[in-house]
Amino acid sequence: MTGFLLPDRIKHLFPQLLCHSTPDHQRNSVIHLMDKKRISLLYFSILIVLPPAHSAAAFDYKDALSKSLLYLEAQRSGHLPYNQRTPWRHHSGLTDGLQQGVDLVGGYYDAGDHVKFGLPMAFTVTMLSWSAVEYGEEIAAAGEYQHALEAIKWGTDYFIKAHTQPDVFWAEVGDGATDHYCWQRPEDMTTPRQAYKIEAGRPGSDLAGETAAAMAAASIVFRRWNPHYSHVLLHHAQQLFEFGDRHRGKYDGSVEVVKNYYASVSGYMDELLWAALWLHRATGKREYLDYVVENADAFGGINWAMSEFSWDVKYAGLQVLAAKLLFLEEEAIPDTHQLVLKQYRAKAEHYICSCLNKNNSTNLLRTPGGLLYVRPWNNMQYVSTAAFLLTVYSDYLTAATEKQIHCESGKARPRDLAALAKAQADYMLGSNPNGMSYMVGFGQRYPTRVHHRGASIVSYKESMGFVGCTQGYDEWYSRRSPNPNVIHGALVGGPGLRDEFVDERGNYMQTEACTYNTAPMVGLFARLHWLHGKDMPSIEEARSIPDGSKPTRLIKRISSSKSSLTGRYQI
Numbered sequence: 001m002t003g004f005l006l007p008d009r010i011k012h013l014f015p016q017l018l019c020h021s022t023p024d025h026q027r028n029s030v031i032h033l034m035d036k037k038r039i040s041l042l043y044f045s046i047l048i049v050l051p052p053a054h055s056a057a058a059f060d061y062k063d064a065l066s067k068s069l070l071y072l073e074a075q076r077s078g079h080l081p082y083n084q085r086t087p088w089r090h091h092s093g094l095t096d097g098l099q100q101g102v103d104l105v106g107g108y109y110d111a112g113d114h115v116k117f118g119l120p121m122a123f124t125v126t127m128l129s130w131s132a133v134e135y136g137e138e139i140a141a142a143g144e145y146q147h148a149l150e151a152i153k154w155g156t157d158y159f160i161k162a163h164t165q166p167d168v169f170w171a172e173v174g175d176g177a178t179d180h181y182c183w184q185r186p187e188d189m190t191t192p193r194q195a196y197k198i199e200a201g202r203p204g205s206d207l208a209g210e211t212a213a214a215m216a217a218a219s220i221v222f223r224r225w226n227p228h229y230s231h232v233l234l235h236h237a238q239q240l241f242e243f244g245d246r247h248r249g250k251y252d253g254s255v256e257v258v259k260n261y262y263a264s265v266s267g268y269m270d271e272l273l274w275a276a277l278w279l280h281r282a283t284g285k286r287e288y289l290d291y292v293v294e295n296a297d298a299f300g301g302i303n304w305a306m307s308e309f310s311w312d313v314k315y316a317g318l319q320v321l322a323a324k325l326l327f328l329e330e331e332a333i334p335d336t337h338q339l340v341l342k343q344y345r346a347k348a349e350h351y352i353c354s355c356l357n358k359n360n361s362t363n364l365l366r367t368p369g370g371l372l373y374v375r376p377w378n379n380m381q382y383v384s385t386a387a388f389l390l391t392v393y394s395d396y397l398t399a400a401t402e403k404q405i406h407c408e409s410g411k412a413r414p415r416d417l418a419a420l421a422k423a424q425a426d427y428m429l430g431s432n433p434n435g436m437s438y439m440v441g442f443g444q445r446y447p448t449r450v451h452h453r454g455a456s457i458v459s460y461k462e463s464m465g466f467v468g469c470t471q472g473y474d475e476w477y478s479r480r481s482p483n484p485n486v487i488h489g490a491l492v493g494g495p496g497l498r499d500e501f502v503d504e505r506g507n508y509m510q511t512e513a514c515t516y517n518t519a520p521m522v523g524l525f526a527r528l529h530w531l532h533g534k535d536m537p538s539i540e541e542a543r544s545i546p547d548g549s550k551p552t553r554l555i556k557r558i559s560s561s562k563s564s565l566t567g568r569y570q571i
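In terms of full-length UniProt numbering, the sequence shown opens at residue 1 and continues consecutively.
Note that these hints are calculated values from the structure, not bench results.
You may find that some hints are simply not true.
BS3-like cross-link-like pairs, simulated, lysine-lysine; straight-line CA separation at most 25 Å [as the list claims (entries may be wrong)]: (1) K342 - K358; (2) K342 - K403; (3) K411 - K358; (4) K161 - K259; (5) K285 - K342; (6) K342 - K259; (7) K358 - K403.
The model shown is predicted, which means the values in this text are computed figures rather than measured ones.
Use the sequences and the hints to build the structure in full.
In structure tokens form, the structure reads like this:
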């Protein structure tokens, strides 16, 4: 386990850990902001990217952002809206929750199957919301703000439905065992749609905490343009946090069918700290910051030095959020709290330094082509979260008094973090030894046999003939030809440790895409487009965002020159 510094009493838990698996196999894993006008864009203009032995290219980050949000539409469950942009998808899962007498129609399928798993869905929405909180103006400048809001709201609307009582949350619809027996389009599903819940006597603090974080973060995004909806989200977030904290326990102990797919190996303490930090950011209430400080040691917030940030393991993310408070709100924080937040910052910077290859023996691995590498199963999920954290931390550092961090083998400045984040994004988009984009539909060469049921079978709208459970395996799964439907924007699991990649439908470790691979890249692609894009919009184009969804304060001027950007949106 590269980069883990764990207390001895829990080390025995971790040798068995795997990364996210595919729908057909086990899915275990290990474990307002500052005034943005203060952020200097200068350091980004001198980014130094050290490419491997292949040529770097200038990428269309706006297109990558657009396709990322388009991918999320392909993953929608439920009644699809009139403006659905994925032509080969149709309504599905329309009886979800019916057996239990609750409406659970909607939400997202996590990957290439049709189970609605609550924990990764919530993490997806948290990261989409964090992207919009940090980089809302950049998303808007790219003309994608409305689509980002819709992507977030598709998830939060479902969470509101699933939170039927203060101490009840519906954790999952469908189960992996029966779902993975079939290879069908979502429109043809014949598998059982049993729903599973957590409640007072069957707790799930990790799931409740992550969903609370998602709804709290989303409440910040919606606060300006839809105050009522923002208030509803915040109310649910506070109730879910209280539920998770009062009735503690791992959700996979209550919903055992999830153990083989999204087991909560890291436990629930990271999610409770994570939720409290987002609630503090959403409300400004001291009680949530007190919670983060008082439980810092007992919950591992200042003990666990991590080498990953994922749907299961939130420590690196919450440590970055805690460090942000110290950087940008230090004067308002009591001295006793500052001491603890400094310990959070130290762990955040351990993660950052590990990514930068400046932590001596606890660095993250890299492929020969320069891709950060955690493990073989869907490695791209760890790359996308790392790239996002590197980007936001570089921004926090730029706005802070001390504009550098001290790693074991040297100092690092904001431009170093930003350069590595950009290098990871560029690798994803094609600057790699294979000359392949790992985002489907982006560029000239990308995976065409994605491990995805809906994409691999002829569109329901083109051929409404029923595709049976095993018929899909016989007639579609085993085909050597490319998928009939291009799932634009899907970020697949990606190459192995030696940059090797096999584009086969059965190679689920590398060719399956997941929503939480993509969500962090929404913010990063928007940021990169803002800084490096060649077609920045005029103010008139920026104003084309619908009145009900635009940020309240538009930038004063958006120049088409990437070296003369002035003014910012503020969400």
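Taking the hints in turn, this is what the structure says about them:
1. K342 - K358: holds (20 Å)
2. K342 - K403: holds (15 Å)
3. K411 - K358: holds (8 Å)
4. K161 - K259: Holds - the C-alpha atoms of K259 and K161 are around 24 Å apart, at most 25 Å.
5. K285 - K342: holds (20 Å)
6. K342 - K259: With Cα atoms ~35 Å apart, K342 and K259 exceed 25 Å; violated.
7. K358 - K403: holds (17 Å)
In summary, the structure is inconsistent with hint 6 from the numbered list given earlier, while agreeing with all the others.
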